[in-house]
Structures are given as C-alpha cells and as structure tokens.
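Undergrad: Chains as they are written, first to last, in the numbering used here: chain W, 706 to 1083; chain E, 706 to 1083.
Note: identical chains are not told apart, hence a pair may lie in one copy or across any two.
In silico lysine-lysine, DSSO-like type, Cα no more than 27 Å apart, as pairs:
id: 1; residue 1: Lys-1031; residue 2: Lys-1020
id: 2; residue 1: Lys-888; residue 2: Lys-1020
id: 3; residue 1: Lys-1020; residue 2: Lys-945
id: 4; residue 1: Lys-888; residue 2: Lys-951
id: 5; residue 1: Lys-978; residue 2: Lys-911
Please keep in mind that the hints were generated in silico from the structure rather than gathered at the bench. From a predicted model like this one, the values you see are computed outputs, not experimental measurements.
There are 2 protein chains.
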Amino acid sequence: MTKASVGTVETKYFTFANSPEAFSLESKEKLGPVTLAYETYGTLAQDKSNAILILHALSGDAHAAGYHKGDEKPGWWDNMIGPGRAFDTEKYFVICSNVLGGCRGSTGPVSINPKTNKPFALDFPLITIGDMVAAQKALIDHLGIDKLLTVVGGSMGGMQALAWLVKYSDRIRSAIPIACALKHSPQQIAFDEVGRQAIMADPDWKSGNYYEGKSPDRGLAVARMLGHITYMSDISMAEKFGRHKKNNIQPFKFTADFEVEGYLHYRGDNFVKRFDANSYLYITKAMDNFDASKDKPLHEVLSGKPLKVLVIAFKSDWLYPAYQSKEIVKVCKHAGIGASFCEVDSTYGHDAFLLEIEEETHLISHFLKSVSQKRGKA
Amino acid sequence: MTKASVGTVETKYFTFANSPEAFSLESKEKLGPVTLAYETYGTLAQDKSNAILILHALSGDAHAAGYHKGDEKPGWWDNMIGPGRAFDTEKYFVICSNVLGGCRGSTGPVSINPKTNKPFALDFPLITIGDMVAAQKALIDHLGIDKLLTVVGGSMGGMQALAWLVKYSDRIRSAIPIACALKHSPQQIAFDEVGRQAIMADPDWKSGNYYEGKSPDRGLAVARMLGHITYMSDISMAEKFGRHKKNNIQPFKFTADFEVEGYLHYRGDNFVKRFDANSYLYITKAMDNFDASKDKPLHEVLSGKPLKVLVIAFKSDWLYPAYQSKEIVKVCKHAGIGASFCEVDSTYGHDAFLLEIEEETHLISHFLKSVSQKRGKA
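Can you make the complete structure from the sequences, with help from the hints?
TA: What follows is the structure, given as structure tokens:
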C-alpha cells in the first residue's frame, strides 16, 4: 500500500461541562464550560473498536495530520498518520485534541472567564496532566467510544498516555508512552522553571495580565530557545550546525553569528507568534507536578489488567533519558502487564520522537496489529 | 604535614599599558590602561622557579584562597591551595588573577573609559581568551617570572591554560586543563547564547548602558539559573533535591515550590549582587569564540616542546563531556608532548572541578612533583 497524507482537514470543537464550574479538577477547583479543539482522521468502525487517541507534547496542538486549507505545512505528526502509515487511517479512526490549558482552541488561560468576561489569565485554575486526560475522556464519551485501541504520544504526550493508564485503564486496550517519564526529575523541573522565570521576568508579562497590550514575547522566546537545546543532542547540533558562522557582516558585538544561535532565535521568534505565555506556565507546571504513582503505586493500579504497553525511548535523548522509560517498563512488569520496550538508536535527542518515523512506524504498526488481534481472539 | 588555609589575604592590583590604547587585542583593537586584580599565596623562590598560575572560570575572581578580612567564606578554590594542599604554599608561589573583561577588579566593561570618563559598557572591545592570557603574561613579566611551573584551571580556566599553550608555551613548563574543551561545541554555544539573550531581553539592560540606573538583574539571574543546571548532573540534582517541596504555604500559582527551584532562585539572586551583566556577555562570547587551533593546528604549535600536560575530566560532566578532554590529550600526543589523562568517577557534573578535592589533590600534587623533578634533572 502506498503511504499518503490524509489530505485537507479541519479542526473541530467540542464543548462540555456547559454550566459554570461543571468540570471538577484534581485540585478540587471547578471550571466550565470547557472546550476542546480536536481533529479526526479515518473512519470510526461500526463496533467503534478502531479508535486511537494521539496525545501532543508541550507545544503541540490538535492538528496532528493533513493540511489546513491554504497551509503548506502539514500537522505535527503527519508522516505517522494516513493511509498506509503507522496510524493507518484505512484501518484506524485517529483522534487528536489540544490539551486543556492550551492556547490552540482548547480552554486555557487565554479563554474568556465567564465570571468576568475577560481572559482568565492567572485566574485560570492550576491544571494537571490528569485533568487534561479527564477532558479527553469527555470527548471520547461524546464520540461514543467505549474503549480506545490505544493512547499514544511523545514527551508530555507520553505522560498523558501514562495518566490514561492511571485514571482510565478500563477505557483503553493499550498505551504507547514515548520518550517520557513517570515523573519529572529535578533536572527536568529545573529546565522548566528557568523557562517560566524567563517569561515572568519579562515586564510585559504583567503578572499574566497582558492580553490587552504587548505580550511577553522576549521572555517566551528565551524559554523556547532553552527548550530547543534540550530537544536536540550534542551530536545532532554538531552535525547540523558545527561551529559555522553566518556570512553576512555583523555590526553588533553580540549578534547571533554562529548558525546555532541564529537557529535558536528563529525558533524563539516563530514560537511567540503561535503560543501563549501563560499557557506555557500552566502546562509546564502540570508536567512538573505529574507523578504517575502519586495517589497509589501505579503497579497496584494496573495489576492484572488486560493491557498492553509499548514503551519507546531514544539513545541520545538526555532530556527524558532511557532510564526513565525503563522505569515505566518495570512498573508494567511488576503489575503483570505485557510491556515491550525499545530504545531506538538515534542521534536526534528528544526530538527523535518526531523524526525517527521509520523505526516508530515499524514498532507501532506491529504493536497495533498485535493489540487488534488480541482483541479478535478474546 | 597538616593541611591549612593560607589565612588572611588581600587582593592586589597591577596596572600596565598605561598610555591609552597601549594594549593590543587579538581583534586589532587597542585598550589601555589595563588593570588586573590578583592575589598571591606562598613565597616566590629566589630562582623564581616555583610559580603557579591559577585560572578562574566564568564567574570566578582573583580570590582563590584564604580569607578577606571579615569574610566567613574563603576563596573559590581554597581547599586546593595552602600549606600541605594540592598547590602547597610551603613549596609553591601561587598566583590568581581576575580575567580581563571581568568585573571583580580587572579592566572590563564596567571600568571607566578614559575617552569618555564613563563606564565603557558596550564600547568595551570584544576580548578573547587569548587576550585574557596576554594580560596575565604582562602580570607574570611584572613579577619577574620567566617560566611558570604550571598554569591550571577548570572550565574557562582550562581554556585559558590551553591558550597559554597556544601563545606562550615557552613561558610555561606544564599545563593542567580541567573539564574544558579545545573549542565550544554548538550545544555549549547555544547554552551561552540563551544566557546572553536572557540578559539582553531585560529592558533594564538598555543596550548595556545601565550603570547609572537599575541593572538587568532579572535577565542575569535567569542566565545564572540556567548556568547552574548545566554545572550539575541529573544524578547530583536527584541526590540533592529529589522532588522535595518546600513546606511553607505558597499562595502564588507559580511559586518555586520544588526545592530545586528554590535553589536556582537563590543562586540567581546571589549572583546579581556580585556580577556585572555586560561582563557576562563579553566573557561568554570569548569562550564561544575560543578555538585552540584557530590560527594554526595546536599539535604543530606544540610539536617537540618540553612540556607536560595533565588533562582531567569528570564522568558526569555533560557540559564539558570527557570526549572533549580526550581531544586535548590526542593533540598533545600528536605533538609528542607528555600528556596524562584522568576521567574522575564523579556524580557532581561540571561542578566536580570545584568539589572533587581529594582526587584532584592526588592527581595534581603528583603531577607537580614530577614536573619539578623533571626540571631538577634537566
């Protein structure tokens, strides 16, 4: 079968918890109404057994595949989703939603607070990875799906997959956490905190109340530049940039004259056009606070459940090192769950989950086949 | 022999290149007069053969050992310098100077520009690691020392030791570059650039002209926080902080509630009290531009010279990984120079060069003994 794009797609919106405060958060605070932006690709089978939920990373959104009308760039995991691809839309019904707290169509700090008719800003309650997943479950309920074939994502997407295992293991048949962790190490928290501090140090941030004026673009750009260093590896940076300098004359002493500096600036400048600084604060805090075994050891939660888990890590990923993925495998084995582990030999660092398409396609398509077959036999 | 502190010390100042523009920089720009803050410990032998030059890292200064009157904290490498210590002041005359471009008593961007009678700010010329070393050579000349027994330092101090090998190999008998590199990788440049961007994004920076008003403390603190993450290791952070939270109630959503966050804040806040933001820009840029083989391959420069080199790296140092130290050893071997290499098994990350005192004392005291003996035999 030839591999192809899903073609032109549109983002849809699902609003629930319509009365104010109808959605209870893990913090006991309440929120409502809640909207999730989402996209779907492929067709839901009559028995609704072929649904896959794709979970995005920190800066991702609902647009995982295909093209929005007029766009030249496809969705963020396009080469994984489509006819003949890893998430084969000839076989599977693929869903991706923007997370709660995000700024790409879902309810977040930039949304209008019904109590004040102004953006929430920091009046938005602290949310958790568990809250993001609870909102996704409301969407799955709305779509009439009882059991997802799998939940899958890299980085924060992987943490959401783990949160599905924690909260709704009876609503999924499998999970594929990629390049993630049961909980953040202090180093991961530290990187996030420096990003948050960069945002909050920007006077344009104004304690979050910047929606009527200039947004804290400089601080958010610094946070994003730092992020990008952690997404790459020493080797991938050496291969991509070396110590090459840009040829044009640089009149200012501290101009970004190394190519790697120019790349980071470009990434930072682009990011601020599409991302909300307060969302960055809320989402990174949710990641830092996540701990899959916080309420109950995860192996106890999962013990004896009919689940399959595929854990993927990447050799040069120093932001989410492979030892953290092995801890996930260990918990699954402890719980008696079928868990496969693969450490892919990649030089791309953490970004590998977006780039090692051939290897991921191989691993995931086989895994999905085995999960589907298992069900057939049951 | 018992190990002891050198006791109370005072910083001295050496001014040279007294007429304006008397000191030529590698950029062909000129500077003058130039002052270096420096300290000495121990006594210079009559034949002046026992002098050791200690070279400090990015945020260090001339105060390497002993106590300034009234201070409770000793110099930054105190446990390495003193009677019976690695740099035994009963045997050696130990010198440490603050680098050119610094802000701890040496001429730098905060110094008064004789042309304007105002601080240089960004009118200060771009300086190089080679310029720092050229200024140190003027100090050594002034002290009447023909040949240094060794030049030694960690991190940027190690890069200065390499610059001594490049520029003045006839003025030293040995060198001890610790936890450093022949040149920065793009990842190292990238971390520095994010720090610089954090400073320059701070509106109080005012293109460097902040000396009459508020200084860009928020930006500099963010740069320093990021620095501290890179100085530690994943393991050392896990051991020191884990995911512990501070007990006091945190009313603000994005308060630093994890201990690791509080530690970074503390480090950032303290740093801005003693460091100049423009110096941070100039010094990091000098590190990024450094390339020991830029003008001529280093192995050709060193070929056949009567030098000994001890290279030290640390296992968990991911900022200056051991492979970079091995490249230094390779160059020395290629040049036919006696080079020893030790990769110390430490969990402290890059900070290990300040903390692995026992191991360093063992390696360095033996090395110095062999360098001294070699001279005796020659």
